[in-house]
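Start from the sequences, fold in the hints, and give me the full structure.
So the sequences go chain by chain: G, H and Z.
If you're matching positions, the first sequence starts at 5 in the working numbering and goes up one per residue.
If you're matching positions, the second sequence starts at 24 in the working numbering and goes up one per residue.
If you're matching positions, the third sequence starts at 556 in the working numbering and goes up one per residue.
Everything labelled a hint here was simulated from the structure, so no lab data went into it.
The beta-carbon is built from N, C-alpha and C at its ideal position, and this holds for glycine as well.
Accuracy of the hints is not assured; some may be wrong.
[As the list claims (entries may be wrong)] Okay, the calculated beta carbon distance ranges per label pair:
1) Z:S853 <-> H:R229: 25 to 35 angstroms
2) H:L137 <-> Z:K722: 31 to 41 angstroms
3) G:A171 <-> H:R229: 26 to 36 angstroms
[To be verified] Away from chain G, derived, C-beta distances all over 10 angstroms, residues of chain H:
4) G42
5) I249
6) M307
Residues per chain, in single letters:
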Amino acid sequence: MRRPLDASRLGRWALDGVAALSLGFILLPLALVIWLAFFRQEIPSFPPEGYSLRWFGAVFNHRSFVGGFLLSLQVGVAATAVGLALAVPASLAIARRRFRGRAPVNTLLLMPLVVPGVVLGTSIYVFQIESEIATGWPLLGSTYGLVAAHVLIVIPWAVRLVTASLAGFDPTVEEAAKNLGAGPWTTFRRVTLPAIRPGIVAGAMFGFVMSFGNLEMSLFLVGAGRTTLPIAILQYLEWKIDPTVAAASVMQIALIGAAMLVTDRYVKISQVV
Amino acid sequence: MRSVAAVEGRSNQRFGAAGLVGPATIYVAIGILVPLAILFRYSLNQFVPGRFMVDALTLENYVKFFTDAYYTGVLWRTVRVAFATTAICLLMGFPLAYVLARTRTRRKNLLIMLVVLPLFVGNAVRAAGWMVAFGNRGLLNASLMGTGAIPQPLEIMFTETAVIIGITAVNLPFMVLTLQSVIEGIDRSVEEAAFSLGANPWRMARRVLFPLAMPGILAGTILTFILAMNAYATPVLLGGPRFQMMGPLVYSQFVQQNNWPFGGAIAFILMIATLILTAAANLMVQRRYRI
Amino acid sequence: MAQLELRDLSKRYGEHYAVRSVSLDVADGEFLVLLGPSGCGKTTTLRMIAGFVEPSGGSARIGGVDVTYLPPWRRNTGMVFQSYALFPHMTVAENVAFGLEMRKLDKSETAARSAEALRLVRLEGYSERLPRQLSGGQQQRVALARALAIRPDVLLLDEPLSNLDAKLREEVRIEIRELQRQLGLTTVMVTHDQEEALTVADRLVVMADGEIRQIGSQRDLYERPADRFVAGFVGRSTFLDGHVAAPDAFETAGGLRLASLTQGISGPASLALRPERLTLGPTNALDNRLPGRVEFVSYLGAVLELHVRLSPADRVVVQMPNRGDAAVPKVGDAVEVGWPREAGLVFAGQGNPAIERENQNVEA
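Pasting the structure below:
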């Protein structure tokens with residue numbers, strides 16, 4: 005009997021086909037932006053008249069892109085650092101200790117993920133105005149104000165990923181360390197920390213990327229004349245689309261892709277998302 | 024002695040937990056709950072042109088929203104777009120999620136990274152990609168007109184179709200990743216058991232895979248629905264200035280019109296509408312399937 | 556019920572054969588056990604019979620019908636999975652009825668046959684429970700009932716007892732065996748547990764490295780193992796390395812010359828000795844009588860096991876029944892070990908094959 009071309013085989017092909025189509029649909033807009041960045045002419049018309057690298061240089065003549073990139077980087081790094089400092093101890097308690105209010109605390113810490121970005125932006129906007137009225141400290145529009153808000157989106161990602169990495173960690177390993185004479189701090193540093201390092205690395209990357217790419221919340225919080233990179237790109241696109249903004253996007257895609265590849269060396273991304 | 028030590032140890036730990044979890048909890052509580060409370064209070068204030076915001080306790084902002092056909096039209100359009108994109112995401116996402124979940128080779132990590140990368144790149148950049156495709160002289164029209172399929176460029180840019188395509192592409196990775204993690208938790212041998220008992224793939228999927236994946240389907244649907252309801256960059260860029268959805272409406276009322284009470288009310292209506300619709304979906308699904 | 560025929564069935568992954576050229580017949584109503592260490596290809600063989608793995612070559616026929624490339628749902632094989640694979644969202648009754656539903660039986664027939672299947676496994680009162688509300692043993696029986704309800708042509712059992720504790724395992728395997736006999740089910744079971752295999756099988760197939768090493772009854776495998784691997788895997792053997800010195804003599808690495816049936820083998824070889832075939836003490840009538848020194852004693856209850864050093868290079872394990880009438884030898888005691896020449900089996904090659912395999916697996 006020969007291997008037949010039956011319905012089940014066709015079904016498998018159809019399944020793979022639809023899956024490939026979906027993946028293509030996800031990637032198509034990125035591919036088009038990358039393509040546009042290399043066009044010779046300025047107007048995105050097809051077929052392209054030729055190819056050029058000059059738009060990558062043109063990006064640096066746009067103050068909003070350069071300034072936006074630097075501000076996004078600065079805010080992302082600061083928010084990730086503060087967010088991890090708050091989230092890692094909290095994750096340890098949530099994953100390892102039994103205390104009253106554990107479930108509501110966990111829900112609260114993950115809440116910034118589910119409150120819509122626009123609503124989060126508006127409410128933090130009015131909060132910062134109120135606190136400025138109350139204290140006289142100009143929080144709104146400052147880098148501090150932006151970082152403070154971005155910490156809120158770093159925390160849930162860090163909590164999620166660090167608690168997940170602790171879930172697979174056998175607590176008897178810590179008991180073994182203590183049995184062998186390690187004190188609580190040494191146990192944490194030599195046994196617990198290495199075990200949750202993948203979670204921390206992943207949490208740092210996700211937190212940073214989410215902060216770096218945040219648009220809806222930041223829209224409300226940036227000060228006059230200062231924008232983050234996503235806002236700069238959005239405002240440019242509202243005006244026009246051309247290879248310059250595509251080149252700026254390609255640089256962002258490359259940066260994030262590189263961050264993912266580096267992170268992937270420490271922790272398999274397919275296991276944390 | 025022993026019991027005293029045990030009690031001490033426990034109270035020590037309890038204090039430790041509070042010390043560990045306290046700072047983050049207080050930060051998020053102040054950073055989210057207090058602002059939401061203030062925003063809600065604002066939404067009960069009055070907006071007097073020229074005098075900005077006046078303290079009051081009134082529902083007139085909410086009444087204004089629901090009695091003006093323009094605003095209810097925006098809400099209705101937002102809900103419609105959110106439903107459409109969520110349904111398409113589910114249909115397109117399940118096969119990809121299944122294939123990813125059941126792939127065991129080294130290719131899997133690469134595939135997952137390809138799904139995650141666009142997620143990280145930001146909505147504006149991805150909308151830009153569709154702008155390249157949909158413009159009058161964009162890829163789609165240029166190739167259709169080049170082959171003589173159509174005499175005139177199609178009007179896709181600044182239509183609901185463009186927005187639905189854009190939001191679907193933005194939300195699809197979330198759906199795929201949510202479903203993939205749930206499907207991965209379903210024991211492969213359960214599928215094989217169904218096959219060995221005479222179920223063909225379609226009946227296996229309907230009777231075994233879908234019911235077991237239901238928590239993931241529900242989670243993915245809710246997530247993509249919330250994201251679609253609150254989309255900002257995609258409707259602004261692909262829908263144009265005249266295609267209003269709730270997210271951009273909040274921004275324009277708040278920042279451009281400086282009408283904080285009304286902007287706050289719209290933000291709350293958006294949040295409540297999202298919550299009600301997701302809760303309803305939750306109930307419907309739970310009634311049909313035992314989860 | 557029907558007979559099963561496998562002809563030259565193979566599964567290749569790249570250059571590596573998971574299963575190579577397996578041919579065997581299972582008679583109507585026979586209980587066949589595939590036995591072998593992990594990675595020997597027994598599970599792949601079973602999955603090819605069920606249709607989950609597509610063979611790279613060869614054929615499988617059930618009741619005379621070629622099923623080699625038939626999808627699993629068009630074969631009538633009932634399978635009990637190692638993890639049971641119960642549908643967690645369905646009740647016990649729904650699980651058992653699933654296969655009948657797929658066959659579009661009418662409601663009353665479905666109900667009657669599921670009830671009968673549940674009665675067979677003595678779970679009548681549990682039909683409305685969910686799988687997670689059952690103990691491991693009960694879940695195992697639901698899995699069995701589910702496979703029986705479809706009245707399969709062939710019943711396939713994939714390590715069905717490995718998730719049960721030792722005591723329950725013994726009970727359940729006897730139950731399965733009785734049910735199988737009563738229903739006249741053609742059955743193929745996969746296991747790595749030789750005691751389990753020996754208890755239930757009509758016939759056994761020993762596999763290693765993707766190939767069949769021997770097919771036979773318990774007695775065939777034990778008394779006449781086909782090669783060193785089977786001798787080491789079925790029952791226990793002590794292997795003495797050495798070479799064939801004469802047509803009727805084996806010489807160990809330690810220089811002991813032993814009367815043996817060498818069966819035409821020459822050159823480097825090993826001698827396999829079953830611990831219970833060796834005798835301790837005055838052994839006048841035996842072909843081989845050797846002085847030795849006790850190195851290790853295990854008091855196992857019903858039997859005693861002694862490790863006896865015969866020469867610097869040779870050590871054997873001797874089992875003696877614990878009758879309570881003789882003094883138990885102590886470590887360091889001088890003893891005499893004896894056995895008839897037929898008790899030793901000579902095989903080409905050296906070393907203990909089971910241990911070698913184990914080491915290979917660890918390195919790989």
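Tell me, which hint numbers fail for this structure?
1, 2, 4 and 5
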